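Colleague: If you want the building blocks of each chain, they are given just below.
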Amino acid sequence: MEIIAEHGHILLILGCIFAFFMAWGIGANDVANAMGTSVGSGALTVKQAILIAIVFEFCGAYLAGGEVTSTIRKGILDPSLITDQPDLLVFGMMAALLAAGTWLLIASMNGWPVSTTHSIVGALVGFAAVGISVDAVNWGKVGAIVASWVVSPLLAGTISYALFLSVQKLVLDTDDPFKNAKRYVPLYMFFVGFMIAMVTLLKGLKNTGIDMDFGMGSKFLNCLPIAAVVGIVVALLGGWMLSRVKEDLSNTQNRFANVENLFAILMIFTAAAMAFAHGSNDVANAVGPLAAIASVIGSGGTIASKSVLPAWVLILGGAGIVVGLATYGFRVMATIGKKITELTPSRGFAAELGAATTVVFASTWGLPISTTHTLVGAVLGVGLARGIGALNLKVVGNIFMSWIVTLPAGAGFAILFFFLFKGIFS
Amino acid sequence: MVGTPFSNLFGQSPIKPIQQHIDLAHQCAMQLIPFIDAVLADDWDKATRVHSLISDLEHQADDAKINLRSNLPNSLMMPVDRSDLLVMVSRQDNIANLTKDVAGIMLGRKMEIPKAIATTMYEYVETAVETSAQAVKAVNEMDELLELGFKGRILDVVNQLIQELNRLEHENDELQIKVRAALFEIERDLPPVDVMFLYKVIEWVGELADSAQSAGGKLQLLIAR
Chain A
774 MEIIAEHGHI LLILGCIFAF FMAWGIGAND VANAMGTSVG SGALTVKQAI LIAIVFEFCG
834 AYLAGGEVTS TIRKGILDPS LITDQPDLLV FGMMAALLAA GTWLLIASMN GWPVSTTHSI
894 VGALVGFAAV GISVDAVNWG KVGAIVASWV VSPLLAGTIS YALFLSVQKL VLDTDDPFKN
954 AKRYVPLYMF FVGFMIAMVT LLKGLKNTGI DMDFGMGSKF LNCLPIAAVV GIVVALLGGW
1014 MLSRVKEDLS NTQNRFANVE NLFAILMIFT AAAMAFAHGS NDVANAVGPL AAIASVIGSG
1074 GTIASKSVLP AWVLILGGAG IVVGLATYGF RVMATIGKKI TELTPSRGFA AELGAATTVV
1134 FASTWGLPIS TTHTLVGAVL GVGLARGIGA LNLKVVGNIF MSWIVTLPAG AGFAILFFFL
1194 FKGIFS
Chain B
809 MVGTPFSNLF GQSPIKPIQQ HIDLAHQCAM QLIPFIDAVL ADDWDKATRV HSLISDLEHQ
869 ADDAKINLRS NLPNSLMMPV DRSDLLVMVS RQDNIANLTK DVAGIMLGRK MEIPKAIATT
929 MYEYVETAVE TSAQAVKAVN EMDELLELGF KGRILDVVNQ LIQELNRLEH ENDELQIKVR
989 AALFEIERDL PPVDVMFLYK VIEWVGELAD SAQSAGGKLQ LLIAR
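Those protein sequences? They're chains A and B, same order as listed.
Following my numbering, the residues of the first sequence are numbered contiguously, the last one being 1199.
Following my numbering, the residues of the second sequence are numbered contiguously, the last one being 1033.
Be careful, since some hints might not be right.
Claimed, not checked - From the derived model, a few chain A residues whose C-beta atoms are all more than 12 Å from chain B:
1) V828
2) L945
3) R956
4) A1001
5) S1072
6) P1083
7) A1084
8) R1120
9) A1163
As the list claims (entries may be wrong) - Derived SDA-like pairs: lysine to any residue, alpha-carbon spacing no greater than 25 Å straight-line:
10) A:K1195 <-> A:W885
11) A:K976 <-> A:I879
12) A:K952 <-> A:I1041
13) A:K1111 <-> B:L884
14) B:K945 <-> A:R1159
15) B:K959 <-> B:E949
16) A:K1112 <-> B:R877
17) A:K952 <-> B:L963
18) B:K959 <-> A:I879
19) A:K1112 <-> A:S843
20) A:K1167 <-> B:L894
21) B:K824 <-> A:S843
22) A:K942 <-> B:L963
23) B:K918 <-> B:N816
24) B:K824 <-> A:F951
25) A:K1019 <-> A:L943
26) A:K976 <-> A:K952
27) B:K945 <-> B:P1000
28) B:K986 <-> B:I921
29) A:K1167 <-> A:I879
30) A:K942 <-> B:R877
31) A:K1112 <-> B:K986
32) A:K1167 <-> B:L963
Hints are computed from structural coordinates only; laboratory data are not their basis.
Because the structure is a prediction, the values reported are computed rather than measured.
The beta-carbon is built from N, C-alpha and C at its ideal position, and this holds for glycine as well.
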């Protein structure tokens, strides 16, 4: 207890710095994957992608990032075992942040495919199992999280596959693809708006303190009409943007170039969805541990299991992501964008929407998953529908490797830092 | 940043390279017309110039083939079958190879085409080149096929192109029979070694049309996967 009282402020400041560093890393690397699809397909310039990412990453983090944050903060390890030693929790969370951040730095300098989510989960499990006790780890929850890492790419792939088939049927393989694109693309835009509004209404407004009740019986039914209205507004906006695109009949080389221009507009919307989804899931990796630290220190050294998530923590995380994006992420995004030009808008949107839907659902269930791996699954789904020229399946092997390597690496660093902090402060 | 798992996911699509390859092979085959013109006109200077152009184009096609092959690792997931694609490239490459062989042997031996078979021979070479042009048309549909996910009404378009390809090859076959028969009629009056090589040239021109047809036929297999 006296450690908290004595060093509380320093610990909190350190925690903020580590969390910001971690969020910076997420913004610098991860977001580029999420947004690179839109840049690569030519739907957005890097500048536009950054602007969309800044707005929607932040919205996603603030409005829908609560559930995953809570999982990272108190779902993976059981704090009830150490209620008499709150300092251990603070050291552990700081160690986890620093461990994940360090491992990510090493990995990205070497070009290894790693995920922030896996690093932080590995770090938390590592410090809890070794620093506290093996029983302190909520193995059931960890099992569910690991299972979700396998399920999420599969689910995203299935959705993208279905989306691409629907595009083939409704738009591409018709007499007048251009006309049909104008007719059906707003439908996908509606879905984007509806989904984001639904998730925000169901999960997000907790932080803003707005409450709604139309007396429809359940919260879900209450949200349904509002989300539908938002979806319609988004579709109308999209329809207006589509109507400004004129068919260029002089382009006889490829009669689908005009249709792709319409899908490029759709990709602006799906990119926003992707950024929102990414913010809602990945911000937790940085702010979850910080929230735990802040809660212990804020309550003067007690581990409260029912404390609310302070909004400033989410805002700090969102800001870190945005700064990372603005200082370094744009460069990564440009590199990725150059590499994936083969992904045309009619495919890119299917991949993005499939991935974003999956990630957003995972966020509402509080499951921390890897956005990048989900996106890989989504792209493979489009590939299975014979929509992409060539996909390198070695990447799938690399992803499996990164799961196997990152978990112990994160854990190892976390254990090291945990005992280091413990040695310094007590 | 060496690359992220996401950007590494994207390999080089073989569609554009395979289209470029057949385009080069066909450009090479097209030179057979000016070459035969020169031979019939007994203009060996011009024939030499055309031959070096053919040789150059054949080289380019070879490079394109090697480049394409080396960019097709086993780990690639493609909308088309890899081994079918490789066979298709080698058939396409044969178009250029046979063109070079024909021009090479005719120039090397300063072969003369007997007046009696000249018109039929000319027509024969023309249909072989037309067959190759038709194969290019079919292969050029591949980017649209990819755009549509190898499905739907585009398949009818491709099937029609391939039907026309088969018809041209058949026409070429008929002409081969005709030109052989015409040569047989006069072969007694010609130097035997020259006749032997004329038959060789006739055979190779036929193989050229065959290769073009076979490349286009592979396209159907690719679609059907």
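Colleague: Each of the hints needs a verdict: does it hold here or not?
Modeller: Against the structure, the hints:
| no. | hint | result |
| --- | --- | --- |
| 1 | V828 | 22 Å, holds |
| 2 | L945 | 5 Å, violated |
| 3 | R956 | 18 Å, holds |
| 4 | A1001 | 31 Å, holds |
| 5 | S1072 | 40 Å, holds |
| 6 | P1083 | 33 Å, holds |
| 7 | A1084 | 31 Å, holds |
| 8 | R1120 | 9 Å, violated |
| 9 | A1163 | 4 Å, violated |
| 10 | A:K1195 <-> A:W885 | 31 Å, violated |
| 11 | A:K976 <-> A:I879 | 35 Å, violated |
| 12 | A:K952 <-> A:I1041 | 20 Å, holds |
| 13 | A:K1111 <-> B:L884 | 20 Å, holds |
| 14 | B:K945 <-> A:R1159 | 22 Å, holds |
| 15 | B:K959 <-> B:E949 | 12 Å, holds |
| 16 | A:K1112 <-> B:R877 | 20 Å, holds |
| 17 | A:K952 <-> B:L963 | 21 Å, holds |
| 18 | B:K959 <-> A:I879 | 45 Å, violated |
| 19 | A:K1112 <-> A:S843 | 36 Å, violated |
| 20 | A:K1167 <-> B:L894 | 20 Å, holds |
| 21 | B:K824 <-> A:S843 | 49 Å, violated |
| 22 | A:K942 <-> B:L963 | 14 Å, holds |
| 23 | B:K918 <-> B:N816 | 54 Å, violated |
| 24 | B:K824 <-> A:F951 | 24 Å, holds |
| 25 | A:K1019 <-> A:L943 | 20 Å, holds |
| 26 | A:K976 <-> A:K952 | 38 Å, violated |
| 27 | B:K945 <-> B:P1000 | 40 Å, violated |
| 28 | B:K986 <-> B:I921 | 15 Å, holds |
| 29 | A:K1167 <-> A:I879 | 22 Å, holds |
| 30 | A:K942 <-> B:R877 | 33 Å, violated |
| 31 | A:K1112 <-> B:K986 | 54 Å, violated |
| 32 | A:K1167 <-> B:L963 | 31 Å, violated |
Consistency note: the structure conflicts with the earlier hints numbered 2, 8, 9, 10, 11, 18, 19, 21, 23, 26, 27, 30, 31, 32.
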